[in-house]
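Number of protein chains: 2
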Amino acid sequence: MSGARNLSAALRRARVPRPRIALRPTCSQTPQATAARSFTVSSTVRADREIKFTSDAYPNVKRNPNFAELTPEHVTYFKELLGSQSAVIDGVSTDAGDDIEPFNSDWMRKYRGHTRLVLKPQSTEEVSKVLKYCNENKLAVVPQGGNTGLVGGSVPVFDEIVVNTSRMNNIRAFDQASGVLVADAGVILEVADQYLAERDHLFPLDLGAKGSCHIGGNVSTNAGGLRLLRYGSLHGSVLGLEAVLPDGTIVDALSTLRKNNTGYDLKQLFIGSEGTIGLITGVSIQCPPRPKAVNVAYFGLESFEQVQRAYLEAKGQLSEILSAFELMDGRSQRLVQDSTGNKQPIEGEYPFYCLIETSGSNAEHDMAKLETFLENVMGEGIVADGVLAQDETQFQALWRWREGITESLSHLGGTYKYDVSIPLSELYQLVEDCKQRLTEKGFVGDDDSFPVRAVVGYGHMGDSNLHLNVAVRRYDKEVEKAIEPWVYEWIQKRQGSISAEHGLGIAKRDYIGYSQNETMVKLMKQLKNLYDPNGIMNPYKYI
Amino acid sequence: MSGARNLSAALRRARVPRPRIALRPTCSQTPQATAARSFTVSSTVRADREIKFTSDAYPNVKRNPNFAELTPEHVTYFKELLGSQSAVIDGVSTDAGDDIEPFNSDWMRKYRGHTRLVLKPQSTEEVSKVLKYCNENKLAVVPQGGNTGLVGGSVPVFDEIVVNTSRMNNIRAFDQASGVLVADAGVILEVADQYLAERDHLFPLDLGAKGSCHIGGNVSTNAGGLRLLRYGSLHGSVLGLEAVLPDGTIVDALSTLRKNNTGYDLKQLFIGSEGTIGLITGVSIQCPPRPKAVNVAYFGLESFEQVQRAYLEAKGQLSEILSAFELMDGRSQRLVQDSTGNKQPIEGEYPFYCLIETSGSNAEHDMAKLETFLENVMGEGIVADGVLAQDETQFQALWRWREGITESLSHLGGTYKYDVSIPLSELYQLVEDCKQRLTEKGFVGDDDSFPVRAVVGYGHMGDSNLHLNVAVRRYDKEVEKAIEPWVYEWIQKRQGSISAEHGLGIAKRDYIGYSQNETMVKLMKQLKNLYDPNGIMNPYKYI
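One line per chain: the protein sequences are W and X, in this order. Taking full-length UniProt numbering, I'd label the letters of the first sequence as residues 1 to 543. Taking full-length UniProt numbering, I'd label the letters of the second sequence as residues 1 to 543.
Where hints are given, some of them may not hold.
All copies of an identical chain are treated as equivalent in the list; a pair is satisfied when it fits inside any one copy or across any two copies.
Unchecked claim - Computed list of lysine-lysine pairs in PhoX-like fashion (alpha-carbon distance at most 25 Å, straight line):
hint	residue 1	residue 2
1	Lys138	Lys435
2	Lys522	Lys129
3	Lys417	Lys481
4	Lys132	Lys525
5	Lys315	Lys292
Hints in this document: simulated from the structure, not taken from any laboratory.
My request is simple: use the sequences and hints to build the entire structure.
Structure, rendered in structure tokens:
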């Protein structure tokens with residue numbers, strides 16, 4: 001390709017060291033999620049440690065005495081209702097043993113409930129009957145999809161019944177002309193995306209957990225993920241929903257129309273409310289055509305100021321083809337290197353790294369735009385060094401340096417995770433300030449006597465969304481107290497959000513006031529009471 | 001440009017008549033709205049006719065006796081509260097004369113209320129005090145922006161107080177890095193877009209009324225417009241709202257964050273609810289970078305099947321740069337020709353015309369994509385003839401063939417307007433069926449004894465959104481009865497929407513059931529009662 005020559009020439013003219021940029025013709029398909037991209041719990045490292053009960057970790061949270069205790073009679077009702085043996089995991093009438101534990105605890109091994117009953121309805125009607133019965137009998141419920149959440153929102157605290165959507169996993173319809181997909185809530189995101197890939201379309205959401213998470217869970221938590229800057233929020237792309245209210249009412253708002261201005265857009269209330277007012281059973285979503293060309297570049301940069309400059313250049317020059325602009329700090333990349341043993345894509349150490357992805361319909365045009373961008377950012381010294389994926393393997397490999405951070409951190413022990421929105425100019429300052437604070441308090445060190453191993457920052461630069469991760473050798477109340485509520489106050493001062501995309505769950509139940517004013521919280525409670533007067537839906541969480 | 005040669009060669013190879021395609025280097029800016037693009041009421045044609053009172057046109061709608069009658073004391077309170085003389089148009093204590101009429105009736109001269117008081121608060125606090133007082137005194141209110149709506153939603157029916165946002169017209173903030181604009185609800189859409197143009201950004205909404213409509217009105221009606229297929233729905237692009245509830249509560253959800261998952265996304269309820277639960281006072285919206293290159297092409301096509309093929313080709317080949325795909329039938333274009341006296345862009349008559357716009361960051365790439373697309377659709381005989389705008393003037397001229405339809409229709413007398421969503425394959429069938437039905441009933445003809453002049457179809461093909469317009473010499477109940485509810489039944493059978501983007505207002509108050517099931521309507525009423533127990537906000541409309 002002539003582009004390779006042009007780029008080199010331009011870089012020579014700019015008299016900067018020639019980067020190890022290798023042009024790839026283009027990737028024939030968008031990223032297929034592979035096993036490596038989904039997160040897995042490193043059981044070898046963690047299985048030695050019992051997961052603490054959430055009820056012990058949050059002693060101020062008490063079981064609501066208005067809720068009934070489960071009886072064998074309740075279980076009999078559910079067994080008759082759902083029929084199939086695989087639809088009920090019964091720890092009430094029998095000893096469910098280890099079968100029930102995966103539904104009680106989260107993959108981070110941070111939250112653990114006491115449920116003794118898991119229900120897996122297979123249809124919206126079954127969900128309706130389950131919730132109606134629970135509501136009438138004051139039985140608390142936790143809706144659960146793939147259980148990949150990060151804030152303890154999808155696991156019980158006490159003995160709430162888990163209603164899991166894994167058996168509602170049919171693609172209901174896809175229209176090639178409009179690109180609208182209609183599917184059950186329990187369809188795994190990756191399955192939906194692969195179905196769409198075969199039809200030249202793309203699910204407008206992608207995230208590390210795609211191999212396990214359910215699209216119903218994605219919608220109920222308003223998942224953001226890797227390509228929000230390109231494909232927008234689920235509030236825009238979800239065209240319709242089917243959901244069940246606590247009293248069993250089926251809300252059929254499963255429109256497949258791109259435009260439908262006939263009254264209040266009630267489905268929006270279920271997007272991001274984390275299963276506290278209803279259980280989503282079906283999703284209708286606008287899916288874009290699958291890009292024909294996808295490119296990924298990975299850079300090292302000398303300062304956060306340069307990262308900001310690179311972002312603005314990318315926004316201006318890559319514009320409509322920019323599909324991801326991810327930020328990783330040096331520490332996060334060394335962690336991935338340590339845990340995978342892989343060689344870093346570029347030599348030398350930099351305080352910051354970026355991953356830029358473009359997705360478009362014309363490989364040659366995209367490459368030309370990317371070359372111009374690279375000439376610019378390297379010529380002006382914004383980017384110090386960089387590589388461009390040459391084939392699908394390299395494409396996946398580069399992405400793993402971003403997506404592998406979560407798993408690499410999990411090898412270190414526990415992680416205090418903060419997922420925040422902050423104005424771009426101060427995005428990384430939070431990591432610096434947090435590191436300084438914990439260091440001053442004597443918590444950070446290389447030997448095992450220090451609770452904190454590392455303070456790491458990465459995230460979705462294009463969305464002003466930072467993931468602050470404090471990797472600890474063990475969960476430690478003193479460390480937690482040093483971070484919280486300090487971190488929330490820091491964010492509040494900058495009008496940021498204490499939860500950009502992870503939601504509130506139980507982890508942030510007491511901190512909503514840092515991002516929402518009293519009126520908003522009051523209005524939320526009013527809605528919660530309207531739809532769920534008995535409070536049975538996902539109790540003990542943020543509302 | 002080499003592209004021009006390639007295109008001609010390809011077309012010769014395909015042995016189709018060479019179209020009069022003239023390549024333009026590119027437009028240096030995106031379409032600036034000009035006066036010609038905003039609609040104007042053709043007063044010379046229509047002023048001879050008094051506008052019928054809505055209360056007479058809808059005799060089944062009765063004034064709610066629970067509402068108080070306005071007294072001079074009420075007016076005194078408002079005058080003291082709002083201070084400025086220009087803030088109150090008082091037809092209660094004095095004779096407001098013609099001053100009040102523009103606030104009582106819509107630009108289509110179809111709906112007319114009996115208000116005797118117009119208030120123009122200048123701040124959110126003033127709106128809060130106005131609504132609180134109205135709520136306590138059971139005074140009904142109609143929120144009004146630019147009053148450019150098409151369904152009678154922004155004018156009173158009886159003596160409701162008009163609360164107009166025209167004096168709340170400040171841009172509050174714009175952040176160049178994130179592209180987030182924060183502005184008062186009363187900012188005119190075109191003013192906002194011009195402000196953004198000077199800062200290399202674009203308001204993610206464009207519509208014919210942009211010279212008059214307010215962004216608060218756009219949001220409260222969930223306006224769709226010309227480029228929804230590119231920039232998405234306001235449910236996705238609006239990041240935050242400030243609104244006032246009927247009891248005076250200020251809902252401050254004016255977040256500027258792209259991601260903020262901290263509880264229910266309450267602002268969504270105000271988007272598209274047409275001022276029935278609150279009055280929007282401020283908007284925060286994500287604005288994309290202004291495209292550096294914009295191209296427009298205009299085609300003639302022989303059948304609706306060809307239009308569908310052209311759309312699928314455009315979606316596939318123009319993909320990320322496609323910013324509009326508009327459909328106009330032959331009749332609509334002859335009307336524009338008749339009313340403007342302009343020569344049609346292409347010779348010959350076709351049953352269908354399309355306008356395609358691309359917006360991108362690289363003029364050369366966009367032109368190459370467009371050429372490939374043109375070679376394809378003309379080579380395969382999908383498009384019969386076409387032109388490509390060569391400069392800004394031609395760009396504007398081509399757009400006027402689409403945007404001028406509304407005004408051209410207004411010269412003919414009245415128009416029954418239906419704005420519907422229908423699955424793509426049947427989109428135009430509604431126009432054919434409607435024409436046949438009205439013809440069979442003897443309503444359609446060229447001489448003045450026939451009530452119907454023309455049945456016209458056009459719209460946003462890319463959004464499956466058709467505008468069915470029945471142009472009449474005079475509004476006629478018999479014609480209306482022949483169309484309604486037949487048209488709604490037609491749409492219901494196809495799971496379409498009886499209002500894609502115009503909303504329900506009073507025009508479709510009785511027809512919501514054709515697009516929403518009983519449960520949804522019940523849930524909407526429940527929310528209406530929650531926020532507006534006295535029912536003072538925009539009464540007599542669809543809820």
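For each hint, the structure was consulted:
Taking CA atoms no more than 25 Å apart as the test, Lys138 paired with Lys435 passes in neither setting, with 46 Å inside one copy and 57 Å between copies. Proximity of Lys522 to Lys129 under the C-alpha cut-off of 25 Å is restricted to the inter-copy arrangement: shortest distance 20 Å between copies versus 30 Å within a copy. Taking the shortest Cα distances, Lys417 and Lys481 sit within 25 Å of each other inside one copy (14 Å), while across copies they are farther apart (62 Å). In the homo-oligomer, the alpha carbons of Lys132 and Lys525 lie at most 25 Å apart both inside one protomer (21 Å) and across protomers (22 Å), since each shortest distance falls under that limit.
Within a single copy, Lys315 and Lys292 get their C-alpha atoms as close as 20 Å, and across copies as close as 12 Å, so both meet the 25 Å cut-off.
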